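Visitor: Protein chains in written order, with our numbering: chain A, 1 to 504; chain B, 1 to 504.
Source of the hints: derived by calculation from the structure; they are not laboratory data. Source: prediction; values computed, not measured. Check before you lean on any hint, since a few could be wrong.
[Said to hold, decoys possible] Not everything, but these chain A residues come out facing chain B in the computed CB check (under 7 Å): (1) Asp-18; (2) Ser-21; (3) Val-22; (4) Pro-35; (5) Glu-36; (6) Gly-38; (7) Ala-41; (8) Thr-48; (9) Glu-222; (10) Ala-223; (11) Gly-224; (12) Gly-238; (13) Asn-240; (14) Asp-241; (15) Arg-391.
Every residue, glycine too, gets a C-beta built ideally from N, C-alpha and C.
Protein chains: 2
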Amino acid sequence: MASPSLNAFLAQWATIADLGSVTALLQWDQETGLPEKGNGARGKALSTLAALRHEQMTSDALFDSLQAAEAEDQDEIGKGQLRQARRDIEQARLIPKRLATALAECDSRNLHLWQKARGENNFALFAEGLEESVALNRERAACLSPDGDAYDAMLNLYEPGVTAADLVPVFEELEGVLIPLLREVADSNIVVDESPAQGHFAADAQRDFAVMVAKQMGYSFEAGRLDATTHPFCTTIGANDVRITWRHQEDDFRPALYGIMHEAGHGLYEQGLPQEWARTPLFQATGLGMHESQSRLWENLVGRSEAFWDWAMPQFHQAFPEKNELTPRELYPCLHTCRPSFIRVEADEATYNLHIAARFHIERALFAGKVDVAELPELWDDTYERLLGIRPTNAAEGVLQDIHWAMGAFGYFPTYTLGNLIASQLYEQAEKELGNQHEAFRQGEFSPLRDWLRAKVHSQGCLKDTRSLVQEICGESIQAAPLLRSLSKSLERVYGIRVGASSA
Amino acid sequence: MASPSLNAFLAQWATIADLGSVTALLQWDQETGLPEKGNGARGKALSTLAALRHEQMTSDALFDSLQAAEAEDQDEIGKGQLRQARRDIEQARLIPKRLATALAECDSRNLHLWQKARGENNFALFAEGLEESVALNRERAACLSPDGDAYDAMLNLYEPGVTAADLVPVFEELEGVLIPLLREVADSNIVVDESPAQGHFAADAQRDFAVMVAKQMGYSFEAGRLDATTHPFCTTIGANDVRITWRHQEDDFRPALYGIMHEAGHGLYEQGLPQEWARTPLFQATGLGMHESQSRLWENLVGRSEAFWDWAMPQFHQAFPEKNELTPRELYPCLHTCRPSFIRVEADEATYNLHIAARFHIERALFAGKVDVAELPELWDDTYERLLGIRPTNAAEGVLQDIHWAMGAFGYFPTYTLGNLIASQLYEQAEKELGNQHEAFRQGEFSPLRDWLRAKVHSQGCLKDTRSLVQEICGESIQAAPLLRSLSKSLERVYGIRVGASSA
Numbered sequence: 001m002a003s004p005s006l007n008a009f010l011a012q013w014a015t016i017a018d019l020g021s022v023t024a025l026l027q028w029d030q031e032t033g034l035p036e037k038g039n040g041a042r043g044k045a046l047s048t049l050a051a052l053r054h055e056q057m058t059s060d061a062l063f064d065s066l067q068a069a070e071a072e073d074q075d076e077i078g079k080g081q082l083r084q085a086r087r088d089i090e091q092a093r094l095i096p097k098r099l100a101t102a103l104a105e106c107d108s109r110n111l112h113l114w115q116k117a118r119g120e121n122n123f124a125l126f127a128e129g130l131e132e133s134v135a136l137n138r139e140r141a142a143c144l145s146p147d148g149d150a151y152d153a154m155l156n157l158y159e160p161g162v163t164a165a166d167l168v169p170v171f172e173e174l175e176g177v178l179i180p181l182l183r184e185v186a187d188s189n190i191v192v193d194e195s196p197a198q199g200h201f202a203a204d205a206q207r208d209f210a211v212m213v214a215k216q217m218g219y220s221f222e223a224g225r226l227d228a229t230t231h232p233f234c235t236t237i238g239a240n241d242v243r244i245t246w247r248h249q250e251d252d253f254r255p256a257l258y259g260i261m262h263e264a265g266h267g268l269y270e271q272g273l274p275q276e277w278a279r280t281p282l283f284q285a286t287g288l289g290m291h292e293s294q295s296r297l298w299e300n301l302v303g304r305s306e307a308f309w310d311w312a313m314p315q316f317h318q319a320f321p322e323k324n325e326l327t328p329r330e331l332y333p334c335l336h337t338c339r340p341s342f343i344r345v346e347a348d349e350a351t352y353n354l355h356i357a358a359r360f361h362i363e364r365a366l367f368a369g370k371v372d373v374a375e376l377p378e379l380w381d382d383t384y385e386r387l388l389g390i391r392p393t394n395a396a397e398g399v400l401q402d403i404h405w406a407m408g409a410f411g412y413f414p415t416y417t418l419g420n421l422i423a424s425q426l427y428e429q430a431e432k433e434l435g436n437q438h439e440a441f442r443q444g445e446f447s448p449l450r451d452w453l454r455a456k457v458h459s460q461g462c463l464k465d466t467r468s469l470v471q472e473i474c475g476e477s478i479q480a481a482p483l484l485r486s487l488s489k490s491l492e493r494v495y496g497i498r499v500g501a502s503s504a
Numbered sequence: 001m002a003s004p005s006l007n008a009f010l011a012q013w014a015t016i017a018d019l020g021s022v023t024a025l026l027q028w029d030q031e032t033g034l035p036e037k038g039n040g041a042r043g044k045a046l047s048t049l050a051a052l053r054h055e056q057m058t059s060d061a062l063f064d065s066l067q068a069a070e071a072e073d074q075d076e077i078g079k080g081q082l083r084q085a086r087r088d089i090e091q092a093r094l095i096p097k098r099l100a101t102a103l104a105e106c107d108s109r110n111l112h113l114w115q116k117a118r119g120e121n122n123f124a125l126f127a128e129g130l131e132e133s134v135a136l137n138r139e140r141a142a143c144l145s146p147d148g149d150a151y152d153a154m155l156n157l158y159e160p161g162v163t164a165a166d167l168v169p170v171f172e173e174l175e176g177v178l179i180p181l182l183r184e185v186a187d188s189n190i191v192v193d194e195s196p197a198q199g200h201f202a203a204d205a206q207r208d209f210a211v212m213v214a215k216q217m218g219y220s221f222e223a224g225r226l227d228a229t230t231h232p233f234c235t236t237i238g239a240n241d242v243r244i245t246w247r248h249q250e251d252d253f254r255p256a257l258y259g260i261m262h263e264a265g266h267g268l269y270e271q272g273l274p275q276e277w278a279r280t281p282l283f284q285a286t287g288l289g290m291h292e293s294q295s296r297l298w299e300n301l302v303g304r305s306e307a308f309w310d311w312a313m314p315q316f317h318q319a320f321p322e323k324n325e326l327t328p329r330e331l332y333p334c335l336h337t338c339r340p341s342f343i344r345v346e347a348d349e350a351t352y353n354l355h356i357a358a359r360f361h362i363e364r365a366l367f368a369g370k371v372d373v374a375e376l377p378e379l380w381d382d383t384y385e386r387l388l389g390i391r392p393t394n395a396a397e398g399v400l401q402d403i404h405w406a407m408g409a410f411g412y413f414p415t416y417t418l419g420n421l422i423a424s425q426l427y428e429q430a431e432k433e434l435g436n437q438h439e440a441f442r443q444g445e446f447s448p449l450r451d452w453l454r455a456k457v458h459s460q461g462c463l464k465d466t467r468s469l470v471q472e473i474c475g476e477s478i479q480a481a482p483l484l485r486s487l488s489k490s491l492e493r494v495y496g497i498r499v500g501a502s503s504a
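With the rest of the complex left out, here is chain A (with noise of 0.2 Å):
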C-alpha cells in the first residue's frame, strides 16, 4: 500500500500525466485530423501545455512533496515511482525556462524549414535552423550532465544509461559483418523476384487483413484505433488509448502489412502497461530501445517467419484473390531481401542498422564539434559510400530525408539499432523457455509469445531500464549475436549466404 506522503505526490504527479495526455491528442490530431488552416492556432496550443508542463514539473511543491516522499519508507514499487519521477523533475529543473522556451520555438520553426528544404531539395534552408537547434540542444546536453559528453545527454533522453562507449562496438560488429555481406550478396548475382509481393491491393482489403493480424497478436481496437497518416506511428492518449496509424501502397501489401504489425507491436507494450499505475511516473516503457525491440520482433521475427504466413495465407488469398495461388514459400525471399537503398525507412532487416551506424557516426561528430552543420551534406555521402557502397545523388535522399533532427531528436536513432538487437534477444530467450513458436503460428496462435513478452517487459513499466531488464531477463548484455544468427537463417536461405563470423 502507498503511504500517505507517496499518495499526496502521486495526486499532483496526475496533473503532469494529464497535461501528458492532452498533449499526446492535440499532436495524433495534428497527423490525423486537423483542418489545414488549423495549424497556427494548434501550434500555440501545444506551445501553452508545454509551457504549463514545464510549470508543473519544475514547481517547488512539486519538489517538496517529492522529497517528503521519499523521507518515508515506501515499498518496491513506490521507491520505483520516485526514482521515476526524480529523474523527470531533475531533467526539467535543470533546464531553464528560457532554454526550454527556446528549444521549442526552433523546433517548431525548423519542422516548417525542413519539410520546405526537403521538398525543394536545398539543404541550404535548412542549415541555419539545424545550426541553432545543435547549438541549443548542446546547451541543453551541458545542462543535464554538465562534467559529461554533450552526445551522451542527449542519447540518455531515450534510453536512459547507454551512452556512446557502450554503442561503439555494437557498430563495429554490425559494420564488420554487414559491409562484407552486402558485398557477398552483390557477388551472387542473385536478384529476388518481388513480384509475389506485387500487384494491385486495394486500401480497404489491406487495412481488414491487417486488421486482422493486428487483433490475433492481441492489440485492443477497444482500446485503440487505426488512423491513415503519412507516416505511420503509435501513441498512447492515456489508460486503455493506444492509437496507431498506418499508410499503404496499392501496389506493394507489404509497407501496410509490416507498418501495422510494428505499430501494433509498440501498442501492444503500451497497451500491456500495468493499468493501475496511471497517470504515475512509472506508466511507461522503460527505453525507446526497448519499445522498438517490441515493434521489430512483431513485425519481423513473427511477420516475416514462413510459418506465421501458413496461418496468414489462407485469410491472404480472401482478401487478394488476384494472389489466390500465392505459397508462403513462394513469398519468403519477397520478405528477406537484402540490397543497398538510400532511404531508411525503406532498408530492409539486415542493411537497416547501417543506416542507424551512419547516423550514429554523424551525430557523435556533430556533437564533438568535429564537423559544421554546412559540412553534413558531404559528410552523409560519404559515410552511406562507405557503409552501403552507394552515394546519395540529391539531399532529400541523403541527409533531409529524416524528420528527427528537425524535431531536435539527435541521438535517437541509435534506439532503432538497439531495438532490432534486443528483439532478436528477447526472441531466442522466449524460445528457450517456451519452446519453438512456429507450430503455435501456423495456428494463429500468438498468445504464449505476447503473454511471455508482457510478463517480462509490458508489465514491468519502466520499473528498470532497459539494459537491467534485458540482463535480467536473458541472462546476457545487449548484444548483436542474436540478431545476426537471425538475419544468417533468412539470408542463407534466399541468398546462400551465412552471416558473418558472429552467426557462426
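Based on these hints, arrange chain B on the given structure of chain A.
Guide: Positioned in the frame of chain A, the structure of chain B alone reads:
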C-alpha cells in the same frame, strides 16, 4: 492599437483560451474517436483541465492584470475585451472551487445515470442525481446573483441579459398562436404524403450531397471537417478549426441534410469571427440564441425554400437516381409539415417552439421550488398534453429525452426558441436591405446573404449582447411576428391555414 497593459492582460488570457481549445478537442474526440475503454482516463483529463482553467481564471495575477488594463484608456475594442473578460472572470470568481468541482463531478456522474435511466426507461434511476444537480445549480445561481432570481441566473449563463420576464410574453404569444394552429391542422384532415422524402439513400451519397451544400453556403473545409456522431454538433477547437458532425437515416434524407445545414450554419458563425481576435475574450459568439439563429436560418429559411431546391434538385437527382423525377414542388410539403410529436429533436418548424415552451415552464417551476424532481415526469406529461395535445406513454419519450439536464444545463432550452425568432427577424431584415433572395438561391448564390450575416453578426464576436445586436440590426426587439409570418406562408401553402392574428 492595444495598450501595453491590455497586451499584457491578453497574453495571460491566451493560456485560458488555449485550455478551452484543448478541452473542446478532448470533447470532440470523445464523440468521434475515443476507444471504448478510454472513457475513464478521458474523464480524468477533462477534470484536470477544468481545475487548471478555474485556477487560471480566478488567479489574483489575472485579476490584477485586468484592473491595470481597465485603469488605462482603451479604444472601443479594448474596452469590449475587458468588459467580456471581467464578466467571465467575475462569474468564475463567484463560484467557490469546492462548488466548481462538485458541479463537474455531479455532471460526470449524471451523464452515466441519465444514459442508464433512458436506456431502461426508468426515471427513478436518474432522480437522485438530478435532485443533486438542481440543488448544486441553485447554489451556483445564489453565488452568481445573490439577490436575483435563481432561474434568471441560469438563463444569463447562455444568453446574457435575458430574463424569464422577457421570455414569458414570448412564449405566451407563441402558445396563443401555435396551440390553436395544431387544432386547425388536425381538423383539416390533411396528412402530408412524406414519401417524396423517403426511399433508400446511401450514407456516402447523403454525405457528399450535404457537403456540397455546406460548401456552397460558404462553410470552409480547410478550416473545418465533418465526422459522424450519435448527436450532431458544431464545436470550435481554435481559430480556423471549426468542426461539425452529422448522423443519417438510410430511409429519409432529411435528418442528414438539414442536420448538416444546421451545423454548417453554426460553423459559418464561428468561422466568421474576426481572426485577429483569436485567443481573446471577444473571440466567441455573443450568446446561444444568436448562435441558434444562424443554424436555423440556413436550415429552415434557406434549406426548406423552394428556391433552394430549384438550384439543388439537379444535383440531388445525380446523387439519388432513384429520385430523378422528384420536383421541388412535390418535395415542398414534406419540408413543412405540422403535427404534434413527443421528441423535440424530431419536431417540425412550427411545433418545435411548443417543445421549448414546455421545458421553459418546467425549469421555471423547478428553480422556483414549486415542484420537486420526483414530480417532474407527471408535470412533463401534463405540460405536453396541454401544449401539444398528446401525452407521452413513458419517460424515454418524455422527461428523459434530452441530455441537457444531465449536463447541468438548466436555462439553455429557451435559447433555441430565441434562435428561431431571431432567424426570421434577421432574414426579413436581410431581404429588406438586399431584396428578395430567392432568385439568388435559384442560382445557388448564397454569398449575398452570407456576407450580410458576416458583416452584421459574425464579425461582431461578442462585442454586443444578443438583444442589443438584434435591436441594432433590425431596429426592433426580439419578437415572434417574423417567425409567425414565415410559418404562415408555408403552412398556408401546405394546409391552407393562415397562422394566428400576429401573422396578419
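Visitor: For which of the previously enumerated hints does the structure constitute a violation, in increasing order of number?
Guide: Violated hint (a single one): 15; every other hint is consistent with the structure.
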